[in-house]
Amino acid sequence: MNLAAQINSIFAALVLLTAFGMLVQRRMNGLIHLFAWQGLFLSASTAIVGYFASVHHLFVSSALTLGLKVVLLPYILHVLIRKLKIEKEVETIVNIPMTMLFGIALVIFCYHLTAPVRELSTLMTRSTLAVALATVMLGLLMMITRRHAVTQIIGFLAMENGLFFAATSATYGMPLVVELGVALDILIAAFIFGIFFFHIHETFDSLNVEKMARLKEED
Amino acid sequence: MDLSVGEYAVGASTMLLILLLAPFGSAIILAFVGDRKLAPELNIIGSAATFGAGVGLALEVYFRGPMLAGGKFFFVDAFNVYLAVLTSFVSMTTAVFSRRYMRREREHGRVGHLGMRFYHAMFQLFIFAMLLCLLTNNVGILWIAMELATLSTVLLVSLYRTPSAIEAAWKYFILCGVGIAQALFGTVLLYFAAEKVLGEGGEALLWTNLAGVGDKLEPTILSLAFVFLMVGYGTKVGLVPIHHWLPDAHSEGPTPISAVLSGLLLNIALYALVRCKVLVDVSTGSHHAGSIMMGFGLLSIIVASFSLLRQKDIKRMFAYSSIEHMGIATFAFGLGGSVATYGALLHMLMHSLTKSSIFFTVGHAAQMHGTQEMDRIRGLIKGNPLVGWGMIFGVMAIVGLPPFGIFTSEFLILTATIKDAPYLTPLLLLGLGIAFAALVRRVQPMVAGPRPSYQVGMKPAHVPVILLMTLVLVLGLYMPQFLSAWFDKAVGLLR
Numbered sequence: 001m002n003l004a005a006q007i008n009s010i011f012a013a014l015v016l017l018t019a020f021g022m023l024v025q026r027r028m029n030g031l032i033h034l035f036a037w038q039g040l041f042l043s044a045s046t047a048i049v050g051y052f053a054s055v056h057h058l059f060v061s062s063a064l065t066l067g068l069k070v071v072l073l074p075y076i077l078h079v080l081i082r083k084l085k086i087e088k089e090v091e092t093i094v095n096i097p098m099t100m101l102f103g104i105a106l107v108i109f110c111y112h113l114t115a116p117v118r119e120l121s122t123l124m125t126r127s128t129l130a131v132a133l134a135t136v137m138l139g140l141l142m143m144i145t146r147r148h149a150v151t152q153i154i155g156f157l158a159m160e161n162g163l164f165f166a167a168t169s170a171t172y173g174m175p176l177v178v179e180l181g182v183a184l185d186i187l188i189a190a191f192i193f194g195i196f197f198f199h200i201h202e203t204f205d206s207l208n209v210e211k212m213a214r215l216k217e218e219d
Numbered sequence: 001m002d003l004s005v006g007e008y009a010v011g012a013s014t015m016l017l018i019l020l021l022a023p024f025g026s027a028i029i030l031a032f033v034g035d036r037k038l039a040p041e042l043n044i045i046g047s048a049a050t051f052g053a054g055v056g057l058a059l060e061v062y063f064r065g066p067m068l069a070g071g072k073f074f075f076v077d078a079f080n081v082y083l084a085v086l087t088s089f090v091s092m093t094t095a096v097f098s099r100r101y102m103r104r105e106r107e108h109g110r111v112g113h114l115g116m117r118f119y120h121a122m123f124q125l126f127i128f129a130m131l132l133c134l135l136t137n138n139v140g141i142l143w144i145a146m147e148l149a150t151l152s153t154v155l156l157v158s159l160y161r162t163p164s165a166i167e168a169a170w171k172y173f174i175l176c177g178v179g180i181a182q183a184l185f186g187t188v189l190l191y192f193a194a195e196k197v198l199g200e201g202g203e204a205l206l207w208t209n210l211a212g213v214g215d216k217l218e219p220t221i222l223s224l225a226f227v228f229l230m231v232g233y234g235t236k237v238g239l240v241p242i243h244h245w246l247p248d249a250h251s252e253g254p255t256p257i258s259a260v261l262s263g264l265l266l267n268i269a270l271y272a273l274v275r276c277k278v279l280v281d282v283s284t285g286s287h288h289a290g291s292i293m294m295g296f297g298l299l300s301i302i303v304a305s306f307s308l309l310r311q312k313d314i315k316r317m318f319a320y321s322s323i324e325h326m327g328i329a330t331f332a333f334g335l336g337g338s339v340a341t342y343g344a345l346l347h348m349l350m351h352s353l354t355k356s357s358i359f360f361t362v363g364h365a366a367q368m369h370g371t372q373e374m375d376r377i378r379g380l381i382k383g384n385p386l387v388g389w390g391m392i393f394g395v396m397a398i399v400g401l402p403p404f405g406i407f408t409s410e411f412l413i414l415t416a417t418i419k420d421a422p423y424l425t426p427l428l429l430l431g432l433g434i435a436f437a438a439l440v441r442r443v444q445p446m447v448a449g450p451r452p453s454y455q456v457g458m459k460p461a462h463v464p465v466i467l468l469m470t471l472v473l474v475l476g477l478y479m480p481q482f483l484s485a486w487f488d489k490a491v492g493l494l495r
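Quick mapping for you: the protein sequence lines, in order, are chains Y and W.
At position 70 of the first sequence (counting the first as 1) the number is 70 in the numbering used here, and the numbers step up by one without a gap.
At position 460 of the second sequence (counting the first as 1) the number is 460 in the numbering used here, and the numbers step up by one without a gap.
Pulled out of the complex, with its shape left as it was, chain W reads as follows (with noise of 0.2 Å):
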C-alpha cells in the first residue's frame, strides 16, 4: 500500500474484488438455479453481498484515499465510489422488492418459467456491467461495459412479450445502439488525442494517465470528441431530443426493471459523461463542454416537464420525470463551479432513492388495478396505507418540496443558476413549476377517494418503500458530516 502513482495507491483490494465477483457469481448460480423456490432469496443474499463490498470500499477509499488496483486496470476516488454504494444499494432494495413483485406476477402468469430464470440472472449482470462501467480505469472498457449494461436488460424489458413490450425493447435496443457506437466514434478520437501525449498502448485510455496531462491534449480534437461522446452517452442519459427510447423502457417492463433503469443505469450514463465533460474542459480551457452539457439539460427539463402534462399511463409519466431531473442534474454539472457541482452529485443521489421508492409503490399500485393507466388507478390509501402513502411521501419529495432531499439539490443548483446564469433561472423554475403541477394533480386523484369495485388486495413489499423515503427524509433534514465532506472531495476532482 506504500507504492503511489501520483496521489492514488497502489494496491490490491479485496472489496473492490468482491464488489464485483458478487454481481457476476450470483448471476451465473442465478441461471443454474432457474425458477426454483430459493431463486428470490437468493437474488437478495447476492445484492446484500455486493452492497456490503461497496460500503467496505467506500471506507477503504474515505480513510487511505483514492487508490488504483488490478494493475491499474481499476481505479477508485470519491466519485465513482460513491455511485458504486448508490448502485449497490439500491439495487439491493430492488431485489428485496421484485421478490414480492415478480412472485405475483409468476402467479398471474405474466412471466413463466424460462423467464423468471432469465430475470434473475440478467438482473445481477445488468448490476455487475454497471459497476464495471464506474470502476474501470480504462475509457475503451467503460463503453464496453455500458454496451453490456444495455444489452443485458434489452430482454428484460420485452419480458413480459407482449407487442408493446417488443416494440419498447427493439426501439431500445436500436437506438441505444446507434447511441453507444457514437460514443465510441468520440473514445477513438479522445484515444486519437491521447496517444499523441502519452504513446502509443492501452496506457493512453487510462482516465488516471489523462487527468494529469488534461491542459496537453489537442483543444480542436477533444472539442470535436465531445459532441459525439455527448450524443452516445447523452442518449443513455434519456436527454430530449435522444430520449424516446426512455418513456417506452420503462413503461412496458417489469417495474423492477424500471426502478433500476431509472434509478441507476441513468446515473452510470451520465457519470461518464461528466468524466469525459472534466478532461474536455481541462483540455481547451474553456466552457465549451460545460454550455453543451447546460443546453441538453435545460431542454430535456422544458420538454420533459410538459409531456409530464400528457401522460395516461403511470409509469410512463415516472419515466417523463426522470428525463427532467436527469435534465436538472445535467445541467448542473453542466453549470460547473462547486455550489451547482454539489448540488448535481446530491441530485443524482436522491433522485436515485426517490425514483426507485416511487416505482415500488406504482408496481403495487398496477398490480392491485391490472392496469397501469392512471384513470383506473383509485382509492390507494384506503386500499393499501402503505402504498397509497407510499405515493404521496414519493411525490412530494420528487417534485422537490421541504423537508426531502430533493429540495436541498434543487435549492443549491438554483442558487447556482442565479448567480452564474440568472437569465436561465426562468426557464428552470418554470420547468420545475410544470413538472410540480403536473405529478400532483396526477397523483391526487389516484391516492384520495374511495375503492374501486376492481381493486384487489395485496401484501406489498414494505421494507424497501420505508427505507428508502426515510433515508431521503432523513437527509433532507440533516447531511452528516462524513457524507459531506465526501461530496466535497468528489467535488473537488471534478472542477
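Isolated chain Y, as found in the complex (with noise of 0.2 Å):
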C-alpha cells in the first residue's frame, strides 16, 4: 500500500468515526460540530485523493463539500437550533451500548457486501468504498433509532456524506454535472427541513416526532 491509500485510509477512518460519535452524541451542538468535523476529513480526503491520482475535477468536489458541509450546512442548522431555542436539549437516547455493537456489525456487513468491488477495481481508494457504505448504513441506522427532528435530518446528511465518500471511493467521483446537481438537491432539502421545523415545533410544540403518531393503521 503506498503512502496515498494510506492516508487516505485515515481519513477514511476519523469519517467513520464521526459516524459513531454521532450515533451516540446527545447535545444538539455537539451533534452540529461532528457532523462539521465529518465534512471536513471528507473534504480533506477528496482533495488527497484527487492530488495524488491528478483528478482534477476532484478539487472542486472538495471546495464544494468544505463550502456546504462544513460551512453552510451548520451555520444554518446552527442559526434553526438557536431560533428554537433547543441548543441545549439533551436527547434520551436507549441503549447506547446495542446501537454501538449494531453498528459495527453493519461495518463488517458493508465489507462483505463490497467485497466484489475490492477485488474488481485498481482504484487507490478501493479499500475505503466498505467505509462509505458503512457511513451510509449509520447514519440510516441514526434515523431509525433517534426521536428528534434535528437529529434525523443530520443522520439524514450523514449519509449523504457517506454517498459523497462512496463516489470519491469507486470511481474518483461522478461526473460534476451530477455532483452539482445532488449539491442543489442538498440546498434546497436544507431549505424543505428549515421550513419543517418550524412547522413541527409550531404545531407539536416540540421536536420530538414521537408525538407525531396521528397517521397510525387502526384496527
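Don't read these hints as lab results, they were simulated from the structure.
Note that the Cβ used here is the ideal one computed from N, Cα and C, for glycine as well.
A portion of the hints provided could be inaccurate.
Label-pair distances were calculated between CB atoms; the ranges are [stated by the list, open to error]:
id: 1; chain 1: Y; residue 1: Val90; chain 2: W; residue 2: Val463; range: 52 to 58 Å
id: 2; chain 1: Y; residue 1: Leu101; chain 2: W; residue 2: Ala48; range: 55 to 61 Å
id: 3; chain 1: W; residue 1: Gly370; chain 2: Y; residue 2: Pro116; range: 32 to 38 Å
id: 4; chain 1: W; residue 1: Pro422; chain 2: Y; residue 2: Leu72; range: 54 to 60 Å
id: 5; chain 1: W; residue 1: Gly295; chain 2: Y; residue 2: Leu106; range: 34 to 40 Å
id: 6; chain 1: W; residue 1: Val463; chain 2: Y; residue 2: Ala115; range: 54 to 60 Å
id: 7; chain 1: Y; residue 1: Val94; chain 2: W; residue 2: Gly52; range: 53 to 59 Å
Can you join these two chains into the complex? Each is in its own frame, and there are hints to help.
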C-alpha cells in the first residue's frame, strides 16, 4: 500500500469515527460539530485523492463539500436550533451499547457486501468504499434509533456524506454535473427542513417526532 | 437531422425544449402571480402548452424514430415519450380540476394567500421535475430530478398545516430521502461498472451508451447495484414493505396533489426502475432483476388488497389501491416477455387516467361532506350525479371490470402469468379478488341512498372527469392502430 492510500485510509477512519460519534451524541450542539468535522475529513480526503490521482475535478468537489457541509449547513443548523431555543436540549437515547454493537455489525456487513467491488477495482481508494457504505448505513441507523427531528436530519445529511464518499472511493467522483446537481438538491432540502422545523415546533410544541403518531393504521 | 449515433437521430428539438421550458417558466411566472385572480387559468395554460409540446414531440418520434438532443443530454424513444405525453396530459386535467377545487378550499380558509402562491408554483415545478426524469439521458440527472420531484411536493403535502398533514409530509420527506439515497449508491455502483467499459467522464452514465454495452458490464456489480436501485426507486413506486409514506401523503395533501402523486410520480419511479432492470438483465444474462421485481410486485398486490379492507378514510383507501396497481405493473415488468410488458405499459397508462379521475370525484365528495371519512359520505348520486356516477364508473374501471381499459391490461398480464409462471396465478387472482370486494363494498353505500342532512351542494369540475373516463372506456373497447404500434416499439426496447 502506498502513501496516498494510507493517508486516505486514515481520513476514512476519521469519517467512520465521527459517524459512530454522531450515533451516540446526545447534545444538539455537539451533534452539529461532529457533522461539520465529518464534512471536513471528507473534504480533505477528496482533495488528497484528487492530488495523488491527478483528477482535477475532485478539487471542485472538495471545495463544494467544504463550503456546503462544513460551513453552510452547520451554520444553518446552528441558527435554526438557536431560533428554536433547543441548543441545550439533551436527547434521551435508549441502549447505547446495543446501538454501538449493531453499528459495528453493520460495518462488517458493509465490508462483506463491497468485496466484489474491491476485487475488481484498481483505484487506490478501493479499500475505503466499505467505509463509505458503512457511513451511509450508520446514518440510516441513526435516523431509525433517534426520535428528534434535528437528529434525523443530521442522520440524513450524514448519509449524503457517505454517498459522496462512496462516489470518490469507487470512481474518483461522479461526473461534475451530477455532483453539482446533488449539491443543489441538498440545498433545497436544507431550505425545506428549515421550514419544517418551525412547522413541527409550532404544531406539536416540540421537535420530538414521537409526538407525531396520528397516522397509524387503526384496527 | 441526418447525423445519427447508432439508431438515434441527433438534432435539436424545439418541441423538447418547449416541453421542459413550459412547466419551468410557468413555475417562475406563477411564483410572481401568486394568489391573483388569473393564477388558476395561467396554471391551465401552462399545462396545456406542456401537453401540446408533448404531443408534438411524440409525433416527431413516431415519424422519425428515437432521437438524441442537446448534445446527448436528452434522449427520446417510444418508452419515455409515451410517459411524457401521459404526464403532461394528466397534469393538464389536474390543473383544470384544481381551479374549482382549490378555489373552494381557499374560500373555506383551508389555504392562505401564501399557500396558493406556493401551490401553483410548486405544482408546475413538480411537472418539470418529472419530465426531466423521463427525458434525461443521464442516470445521475435522473436521480437528481427524482429527488427534486420529492422535494417540490413535500411542502404541498403539508399545505393545510394540520398536525396530520405535517406528520404525513415529514414521513414522506424522511422515508423518500432515505430510499432515494440507496438509489444514489446503486447509481455509483452502476457508474463504477460502466466506467470500466466506457471510460471516465460523464459519457459513462448515459442510457444510450449503456444500452450498447450492456453485455460487457460486470454482472456481479450490476446485481449488487440493482438491489440498491430497487430499494431506492421502489420506495418511490410505493412497493411493500417500503410504502409507508404513500397512504399518508395521499390522504393528507390537497386532492389535486394526491391525483398527480398517484397517477404520475409512481409511474416515473417505475420508469427508472424498469430502465435499470433492462440493463441489469442484459448484463447478468439471467432473470435475477426480474425475479426481484416480481417478488416486490406480488407482495404489494397482496398486502395492499388486504389493507384496502380496513380503511376508513376514502383517500387513504384509494392510495392503497394505487399500491396494488403499481404492484401489478411492477410484477408484469418483472415477468418480462412481450405480452406481459405490453400489459404493464398499458396498465400504467390506464391506471394513471382512471386513478386521477377517481381522485377528482373523491375530492369533490369530500368537499360536499366536509370530511374524508367514508362512513359520513352518503347519497352521492342524489347529491351530485356527476360525482356519484363518476365514482361508480371510476371504481368499476379500477377493479378491472370490462369494458374499461384496466380489464384489458390485467387480462394480458394474467394470460402472461398463466403461461410463464402458472404457480403465481392464484396469488395474483386472490389479490385482485380481494381488492374488488373491498372497493365495491365501500363505494356502494357512498353513492346510493338518500342525501344526508349535512351534505352541501357544489359545482364540480365536469370536464376532467368526463374526459378521462371517456378515454378509459374508449381505449378499453378499441385500441387505435398507432397506439398499438407505439406500444410494440416500447416493448421492443424493453426486451
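Here is how each hint holds up against the structure:
{"no.": "1", "hint": "Y:Val90 / W:Val463: 52 to 58 Å", "in the structure": "holds, 57 Å"}
{"no.": "2", "hint": "Y:Leu101 / W:Ala48: 55 to 61 Å", "in the structure": "holds, 59 Å"}
{"no.": "3", "hint": "W:Gly370 / Y:Pro116: 32 to 38 Å", "in the structure": "violated, 58 Å"}
{"no.": "4", "hint": "W:Pro422 / Y:Leu72: 54 to 60 Å", "in the structure": "holds, 57 Å"}
{"no.": "5", "hint": "W:Gly295 / Y:Leu106: 34 to 40 Å", "in the structure": "violated, 24 Å"}
{"no.": "6", "hint": "W:Val463 / Y:Ala115: 54 to 60 Å", "in the structure": "holds, 58 Å"}
{"no.": "7", "hint": "Y:Val94 / W:Gly52: 53 to 59 Å", "in the structure": "holds, 57 Å"}
Going down the numbered hints, you'll see the structure goes against 3 and 5, while the others check out.
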